[in-house]
Every structure is written in structure tokens, then in C-alpha cells.
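Number of protein chains: 4
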Amino acid sequence: MVRIGVIGYGYWGPNITRNFAAATGCEMHAVADYSEANRDRAARLYRGLKTYSDPLEMIRSSEIDVIAVVTPLSTHFDLARQALLEGKHVFVEKPFTSTSAEAEQLIELAEKKGLQIMVDHTFLFTGAVRKIKEYLDQGVLGRLLYYDATKVNLGLFQHDSNVVWDLAPHDLSIMDYLVGADPEAMVVTGAHHYSGFEEMAYLTLYFPDNVIAHISVNWLSPVKVRSTLFGGEKKMLVWNDLEPDEKIRLYDKGVDVSNQDNRSGIYDLLVSYRQGDLIVPRVESIEALKTETQYFVECIEKNEKPFNDGVSGWRIVKMLEAADKSLKQRGGVVPIAL
Amino acid sequence: MVRIGVIGYGYWGPNITRNFAAATGCEMHAVADYSEANRDRAARLYRGLKTYSDPLEMIRSSEIDVIAVVTPLSTHFDLARQALLEGKHVFVEKPFTSTSAEAEQLIELAEKKGLQIMVDHTFLFTGAVRKIKEYLDQGVLGRLLYYDATKVNLGLFQHDSNVVWDLAPHDLSIMDYLVGADPEAMVVTGAHHYSGFEEMAYLTLYFPDNVIAHISVNWLSPVKVRSTLFGGEKKMLVWNDLEPDEKIRLYDKGVDVSNQDNRSGIYDLLVSYRQGDLIVPRVESIEALKTETQYFVECIEKNEKPFNDGVSGWRIVKMLEAADKSLKQRGGVVPIAL
Amino acid sequence: MVRIGVIGYGYWGPNITRNFAAATGCEMHAVADYSEANRDRAARLYRGLKTYSDPLEMIRSSEIDVIAVVTPLSTHFDLARQALLEGKHVFVEKPFTSTSAEAEQLIELAEKKGLQIMVDHTFLFTGAVRKIKEYLDQGVLGRLLYYDATKVNLGLFQHDSNVVWDLAPHDLSIMDYLVGADPEAMVVTGAHHYSGFEEMAYLTLYFPDNVIAHISVNWLSPVKVRSTLFGGEKKMLVWNDLEPDEKIRLYDKGVDVSNQDNRSGIYDLLVSYRQGDLIVPRVESIEALKTETQYFVECIEKNEKPFNDGVSGWRIVKMLEAADKSLKQRGGVVPIAL
Amino acid sequence: MVRIGVIGYGYWGPNITRNFAAATGCEMHAVADYSEANRDRAARLYRGLKTYSDPLEMIRSSEIDVIAVVTPLSTHFDLARQALLEGKHVFVEKPFTSTSAEAEQLIELAEKKGLQIMVDHTFLFTGAVRKIKEYLDQGVLGRLLYYDATKVNLGLFQHDSNVVWDLAPHDLSIMDYLVGADPEAMVVTGAHHYSGFEEMAYLTLYFPDNVIAHISVNWLSPVKVRSTLFGGEKKMLVWNDLEPDEKIRLYDKGVDVSNQDNRSGIYDLLVSYRQGDLIVPRVESIEALKTETQYFVECIEKNEKPFNDGVSGWRIVKMLEAADKSLKQRGGVVPIAL
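Chains as they are written, first to last, in the working numbering: chain F, 1 to 338; chain V, 1 to 338; chain Y, 1 to 338; chain G, 1 to 338.
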């Protein structure tokens, strides 16, 4: 029985708690939060749940196996480090840490202690991402040419970070999972009007073989958009996460190009366009977080590394650091070393 | 009576011809095209139309006042220059010229000869752009914070230029018309898979006061998108050009920010979000090209410069040159001097 | 403090319970359900909640002021009658009763006992319906010409009634609330393929002055549709309940007709079409059931009849009876006497 | 070479003329119209076209093989009859005639004279209808359970007929073509507010085996809708004719029902819902009228009856007559004898 302690019962913590509570092989043991109101809210919902006002006290409890860190970014490192030092597995909210150096320390520490880290890249567990992964692995799309994501809406401004650190981790983690290659360099442009932090930003990531990814994030959009294009050599796919039933659209569209001698004797491109049927596959609609928390429990039982482990979290932090560096240069080309 | 000669009766030329033929105060006099089939097509539709296989012969005709250059980009400069030298006003397809130096020569020549140049930035004459211009001029949107356009579809590849020169001139000219300020620098990223020319590209333009514009163009998208977001301080607007009846959506949405002393004694941002009604104004649906050609006839009659004159065309070419320069550096920051 | 007892904790009962539990001036006292699993589910969520396996025992409890009947239709009458006999106010799920005679008995009984009945026509408390009511009351739409609703989806088949009794009560109650007149006659057509109960049906209701209502209900539609058109003399409105943010669209469209002498000397209609702006008003998004349960508590405190009282429930049952009668004649015209 | 004479060059006539002009094996010979302006418009577009102010004179011409009657409904019978008497094949706008008796006369006359009649049910030649027909013939949908069409918009009022005669012929002809069975009875409800003619109407048609069709037509809708649901036992299909690229959606959805002994010992229905992928097939996008006119030319060359012949036109007129009869009874059940 894997026993869980959750730090932070504000906005996202209740979801983490609810899903660990429902997972099999697992006991939702305690919640720590500075706010009494939050602790009360948790206690009312879960019979027998312990609550702590001091997270460190909970971390030291011998009745807990896993610490879930669901707190503001600036506290991730200290809390996760303490948890690992006390022999606890850790589940950490995204982004993993404020710096890649911190991430490296945590990974090393977990390694030494034989503990698991999972970074909460929830979207990797949605039915949509799993379906797209399946298509890519089976070669349905052919070679991936580009990835183009838009994640915009009105608010909610973060007070201690720009829109890249707030909204892009989702798309970066999905991209990292699906593209299956290391980005080599990054160019990020953006602007801010209300604070010192960018409220909108445009990220370009260069991969080998001319593969390109683009991510648009914006806190100042009147409309909410959550959509991603995948351009494959064989097929193309659009994922619209706001669609209730038709999240994925698989287009039998593409370009066929051949070089050939044209009339004037000069080699030229002959381009033709394939325009076939569109398929909207049925996508499983279980809650991603349910799958993810259950998976973490199983990883701990089997003592296996989750695929969304500390290294996976570190990769995203490396990209976020590169993004900030590029933003400071108003869009300079910044290499990424993964 | 302004007499028109059109060079090029391929894809776009028939539209230009049809609209000059319908304009008042104007006579659609002749068409020049190397292809006999094209000349025949034109002659069948318009009674009394003269046709020329040699454009230069038509340019020299004393029965013509205006030459419309509706040919591939590489020929714009020579044909327009000949026309101006022969004392003809010119109407030139977008983009104006292959280089800004060429554009400057043509502008100077027209100035010296007292002739008018119009560059065919058709979209400026759509009901939608005129309505948005009206909103901006009346202060409905408040100060413009950003402009974010997406213009993607499958094909048609151009064989002699990248997607920026093909698709971006529309959005650059609209942006230039509506933002009403000079962009200071540009960052462009992109990729190509089938030829030496980028098939997708992402343009960021920096304006004074943190105003930013972003334009996404792509020949490899399975879906056709023609949409633009305008973020204003007071209101926000989405223009979807593919909507038959509801092209413009004006959102009473925005952000109100005040600095204030929060409980912990630290100055902090207090952000609130306005979410009011949405208005979809009725937009006039006359053909843009009809308005544009009629306007050019009137400019010539009154000997007035059109607002989409040579300088307006030159500005777009300057941006396209900057885009190419930035693309070559994989996204370097390139200043634009207008 | 109004004390509530809920009978039925299956599909809809938990929502009723949750909202009474959250209402002010009210105590969620007890739940009755034959199923032990359902009773346990309720008891786990609400501290101190009493549970009963026998609804009649709960009805007789002196610690309860209101009985909410959230059970299958065939049991509504008996349970509500018992509750009224025991001096309890009743909140009854829609449709109110299986026959209008039953509804009449309950209304009479409540009258005699000085008790309140509320029929759960939840939709009347949505932000959308309230906004439309406001528009109609303010004369924004002008005289209402027609009401046209579509409520279709795949499943869920009811086993003891046709699609009319299952899906139409929503639209009939909304129509009855908004049209503000008594329908005079009804024509209903329909078909069944899988059981003896119609799985799809089309209802026409005739009102005075040529006002017409049409309601389409279908359990066999591949797509879910929840949309209603309101044709007014001045403006027209479309309500799409599946839209997350833009439920109501108010069109400045209409027809202006004048009789006039045409050229041939015969009086003729001159018809012109108004096509103005579209407004999508912001609609309050609080949970309808929350408003409704709070309102019932207040009605009881003030000893006032709710507008969705027994009579309002009886009207819908009268229409459902007429619908069944028309269906049996494959669409005969059946008068409705309200 | 089949020589064509078109009567009526107003709204639809130019389309008929243009397509016959482009058809192979065919000569667009003459146009008759009372209006000089219309005749001039035609003459300007087609070199060598003859024009007549008197349609009867054109009908008598020995240089014509086919008369296309593209005039108001009330004139169809007389013109088509004259044409047949003069030995001409006829192409008649929909609806075929004002009464079924007229249609019968024309059919008989054509039979006697060995001439062909085609009724212009254009939609039968669209890529969408052909694709749906293909699906139905191949058994993709399984047995058809229902047909449900909505064809509504604002205007254009006809001055001499109700909305049923104006808008329903399209859907009735499509239904008649696709359902492949004879409707047995009809129920039509409707209302009028501006004239003596119904501006909105709801048609139900009963077919054998509980198959049902419903058609909603409305001149007073603020939104334009052109959509049809096809409920099949195996699959379900939605055709939205306003979608530019995705007109047809084929849903792998349906209901599986089995009777079975449930726990309480009573036979009950066990219903399960299939929810599979959605396929949006590529639909050919050639102009329907082009296919139709070419097909008529070929029918005449081969002396074969078109499938949209006089009898097919007569069937629709019979249904329209039944509709009017039902409307007069405010929705009585009217048998249809085909």
C-alpha cells in the first residue's frame, strides 16, 4: 500500500488528492497546507485524512511513502529535496524546478537514494495525446515535419513568472514526448504590457532534419484556443482540445513532390496535393490525472522509472531557461543542450 | 475616360480586368499575354478588347493611360519601369518589387513623371479591414497591444519564392495599414522540407511601446485558416475571413491592472478581467477589388496619390527583405528602417 | 431553518441533495433510497445526514419540512401525496405526474393544507432562459412569431416512456414560461424502431394569433443538439445550450412588409429584410439548480407560491397527454384545454 | 448535336444557359424572355445566340430540339405542353407543375410523342447526394430508420406560394431519391404572419416499416441551415450542405437492442450504444447543374428516360398537394397515393 502525502491544497492540490484517493494500491494519507481553511476543506472530504500545517513535519512522517509537491514553483526544489532526503518518492507539479541545476540535484539525489520522481505533465496521459502517440509510433503520419501549437486565453496572469513558464510547459512536454528528438536551438519573441513579465510569447524550436516546432502562448487573447497541428509526410493531424467529442482530426492530406525536367529544360519541382478523407477517431475520455496517479503508484510498487520522470521534467526546464535567454535578446537564437 | 491595359491574363489578371471593365470613368482597353489561349479567353469576354502578345508594344500604345502589371514578381520592376517611362500610371500586383532598391527607383521615376503607382494590396479594401480601421480610428479598441495573424493552408507552393513572399504580403500590408506605426525589428523562423524555399514561417515584428505583431504562414497545413487577433486595451477583436457572415467579432474583454498594497505589505499587481458582450457587426460584402480599381480610377482623375501607393508597397518589400535576412540567421533580430 | 428530505439518490438525487445542502436557510436533513449503496454514498458526503430505506418513514418524520421526490415518474403521485398529507411541502422531479388528474389532486391537496409544490423545471433557472425572458419582457424581440426547439442525441432510452415524456418536458416548460400564452392545439408525429415507445417525435403547438411552436426530440441522433430559435417581429434569437460561452445570439434581423400598389395595378406585398449586427450577450453562468433550490427555500420561508408551482407542472402534463393522444392518431390535431 | 432553347433568363435561367453552353454534344441555340434587358444580357455573353421575345415563337422553331422551361411555376404546364406538342424534349424547373393532373398530362403527352422530360431536381446531382446514395446502396448505413432535414433562412418570400412549394421540393426530391420507398401519408403544420402563405412549415412523411421523414422549412430564420440527418441501423450520417469542405459526416454510432430476462424476471430491453470513429469522406465538388445538363443531353442522344423524369417530378407534386391539404386541416393526416 503506497501512502501519499500532498503538500498544497489550493487550486490543483484537490485534484491530485482526489485521484490518489481513488487509485488502487494506494492510501491518501495526509495533506499539508499553511491555510487552515484549505486543511478543513480536505478533512471534510476524506475520512481519516491527517492534516499538517507544517509541510516539513509531514515530510518527516514515517507513515508516508510519497510526497506530492503541489505548491508554487519557487518552493518545488526545497520541498522535493527534503522529501527525497527523508526517503520519500516525489510527485512534483510542472514545471519541475526553477532552474535546471536544481533539477539535476534532485535527479542525482533520487538516483542515490533509489527513489522515484514523477513530474506532473498531465497532458501526456490524456486520451488525445495517447492516440497521437499511437499514430506516430505506427507510422500513420509518416515522418513528422512540424508541430504547431496555440495555447491562448484571457488571464490568469501569474505574478511571479511570464506566460512561457505558465502555459508553455504543457506544450513543451507534449512536444518532447511526441517529436521524439532533441531540439537543438530556440528562438522566442514576446511582449508585455501590464507587468515585467511577458503576457504573450512565440516559441520556435529547431530539431534535426529541418523539423520545427512552434508554440504560441498568450494571456491576453479574447478567445480560448487549445489547438495543435501535426504535419506529417503521409498524413496531417489537428488536435483541438476544446472540442468535447472530436478532439483529433486525421487528414489524409499531404504533398507529393518530384523533381522533373520541365519544358524549358530546367529541373523543376512537380508538386501535387493529396486531399482524401478525414477521420475523427473516438478518443478515450477518462481523466488524465486518474491514469497518471495510478501509473505512479504502479511505478513505485514495481520500482520502475516513470517515463515522465525527473529527466523528462529537467528537459522542459532546460527549454524554459533557453526561452528566457532568447526573450532577453528579443529573439536571439539560443542553443539547447540536452 | 481612363484607359486600362492589363499585362498578364493568367490566374489573377481576369479579376483585375473584369473589375476595371466594370468601373465607371474607365475603359478596359487592352490585354497583353504571351499565351494565345489567355488572349482568346479575354477577347471572348470583352467586346472590342485589343490584345497584345508583346507587353512592351501595349505599353507604348498612345491609347492607354494605365498599365496594370499582373505578372510574376520577377518581371514587376521592368514592366512597371517601362510603363512609367512611357508616361503610364501603373497598378502593380503585390509584392511590389523583388527588392526595395527597385521599389525606390519606381517611386522616384513616378514622382518625376507626375504619375501614380498603386500596389494591389486588395485586402485593404475589404469590408472587414475597413470596419476594423474604423474601430481603431474611433478608439473602440483603445491602444493596440498586439496583432496576431494566421494564414495557413495546403499549397500552392510557389516555385521561385518562399511562403513569406507568397502569403505574408497580405498580412503585412493589413498590419501596416492598421497598426499605424513603423516596425523597428523583425524575427523570422521557418523550415522547408520539399525545396530550398521555406514552406512555413513565423514572423515577429516589434513596434514602439512594446506593441508586437506575429504572422504565421504555412503551405503545409491540412486546414485553411485566415484569422487575426487584435488585442486592444479596451476591447479585443477577432477577424476570421473564412466566416461567410460573421467575419468580425468584437469582444468587450480585457484586463484591468492596478498596483496596490497587498496584505503582506508588498506592492503587487491587482488584475481583473472584463468579460462583457460580444458584438458581431454587419460587414459590407462588396468585392474588395471592385472598390480598389474604382478608387484607382478616381485617384488618376483627381491626380491624387492612393494610400496604397508605391511607398506603401515599398514598406512591405522592406519587411520581406528583413524577413529573408532573419530567416537566413535562423531567427536573428533584424532591424527595419522605414 | 427549512429541513429537507430527499427521496431517491440515484442519478439526479445527488445534485438536488448537494444544492439543498449548500442553500442558506436550509438544512439537508435526510435521504431515503431503497439501495444501500446509494444511502452509503450520500452518508459519506454529508456529515450527520440521516438515511432511510423506507421513504414513507422519512415522510412521516417530524424533523422534516420539505420532501423532494426524485424518483421514477410512476411513483411521483403517491410519494408527493403522502408527503402533503403529512404536512410537508414538496419538490417534485419533472414531469410532475403521470396524468393531469393526479396533478390536479396534488394541487388541490396542497391548497387545502397550505403547502407549497415546486416542480423541478430546472432550465427556467439557467442564465440563458432568464436572459431570454428579460429580452421578451423588455420587448427587445417584439411580438414572438415562433419558437422552434431541437433536443436530440444518442440515447438514453427510457424503458417506461417515449421520447416525448423524457426530453420534451424541458422544452415545453421553457416554451410555456417564455411564450406566455396558452397553446390551443397540438400535432405530434413520431416513430419507433426498437420498442413500443417512440424514439423520435415532432411536436407542433398552435397558439393564438398564429404563433407556433415546434419541438423536435430524438434519441437516435448521432449528434447532440440543444438549440432553440425565437422568431420575433423586431429581432430574432438563437439559443444554443451546448456553446460554453456564447449560448445566446441576438440577431438584428427581420422582415418588413408593406402592402402596396405595384405596377400592374394589383396590391402586392413589398418585403424587405433587415440584416444588422449580431449581439452575443454575456450570460450568467451559475448552476441553475442552485438558484432553483435557494428560491424554493425562500418561497417556503415567505409562504409564497413559486412560479414553477404545481399548476405550472400540471400544464406540462396536460401537453404531454395531448402529445400522446396525437401520436396515437399518427398526428391528429388535438385541442389542449388549459 | 442537341440544340437547346431556354425560356426565362431571370434568376436561374443564366445558370441553365451557361451549363448547356458548356455541355458537349449540345448547342446553346436560343433564349426567350419578355424582358429586353434579360435578352441583351444573354446575347452579350454568348456569340451567335438567338433571342426571342415570344417564347411560343422559339418553341415552334425547327432549329431547336430541347426547350428548357425556367419560368414561374404557373407557366410551366402551358409552356412544356406547347413544347411537347411541337416535338421538343423538355427540361422543366422544379416544382414540375402546379397540380399533379397537369403533370400526368405532360407525362402522357411525352410518352405518346416519344419525347423526354427532365425535372430540374438539381440537388440529386451534387457530390454529397451521390455519395450518400452510394453509402445507402452499399448498405453502409444499414436499414434507414429516419430522414430529418432542415432548410431554413431569412427570405426570400415567394409571392404566389407558401414556403413548402418554395423550399421543400429540394428535400422531397432528395428524400424520394434516397429513401427508395413510397410515403404513405403526410402531416404538415405551419404558420404565416405576413401574408396568406405559410412562411414556416413542418412536414412529416410516413413510410412503410415505421420509416419516417421530417422536413422543416422556414423563411423567417435568422440563421441559414441546410442540414439533414440520416439515421441508419448500422451507421448514421449528417449532411451539412453549408460546410465548404466537410459536407458529409458518417458516424459509426447506433443502438444495439436485445430483449432479455432481467433480474426481476420480466423481459426487458437491453440497450447499448455504439460510439465509434467519425469519417468525413472527400466529396467531389463539381457543379451539380453541369452534371445534370450533360446527363440530359446524353439521355436525349440515347433516347433514354432520365431518372429525374416527369414521373419523378409528378411524385413531388403529389406530395406538395398532400402537404397543402394537411396544412389546411392544421396538420391532419393525409394519405399519399403514388
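Treat the hints as calculated values from the structure; they're not laboratory data.
One or more of the hints may lead you astray.
Repeated chains share a single entry, so a pair holds when one copy, or any two copies, can fit it.
[Stated by the list, open to error] List time: in silico DSSO-like cross-link candidates among lysine-lysine, alpha-carbon distance up to 30 Å:
1) LYS133 / LYS113
2) LYS50 / LYS328
3) LYS290 / LYS224
4) LYS50 / LYS131
5) LYS290 / LYS325
6) LYS113 / LYS325
7) LYS302 / LYS290
8) LYS290 / LYS305
9) LYS328 / LYS234
Structure-based check of each hint:
{"no.": "1", "hint": "LYS133 / LYS113", "verdict": "neither (32 Å within a copy, 63 Å between copies)"}
{"no.": "2", "hint": "LYS50 / LYS328", "verdict": "neither (45 Å within a copy, 60 Å between copies)"}
{"no.": "3", "hint": "LYS290 / LYS224", "verdict": "both (25 Å within a copy, 27 Å between copies)"}
{"no.": "4", "hint": "LYS50 / LYS131", "verdict": "neither (38 Å within a copy, 46 Å between copies)"}
{"no.": "5", "hint": "LYS290 / LYS325", "verdict": "neither (36 Å within a copy, 49 Å between copies)"}
{"no.": "6", "hint": "LYS113 / LYS325", "verdict": "neither (33 Å within a copy, 51 Å between copies)"}
{"no.": "7", "hint": "LYS302 / LYS290", "verdict": "within (18 Å within a copy, 46 Å between copies)"}
{"no.": "8", "hint": "LYS290 / LYS305", "verdict": "within (18 Å within a copy, 45 Å between copies)"}
{"no.": "9", "hint": "LYS328 / LYS234", "verdict": "between (38 Å within a copy, 28 Å between copies)"}
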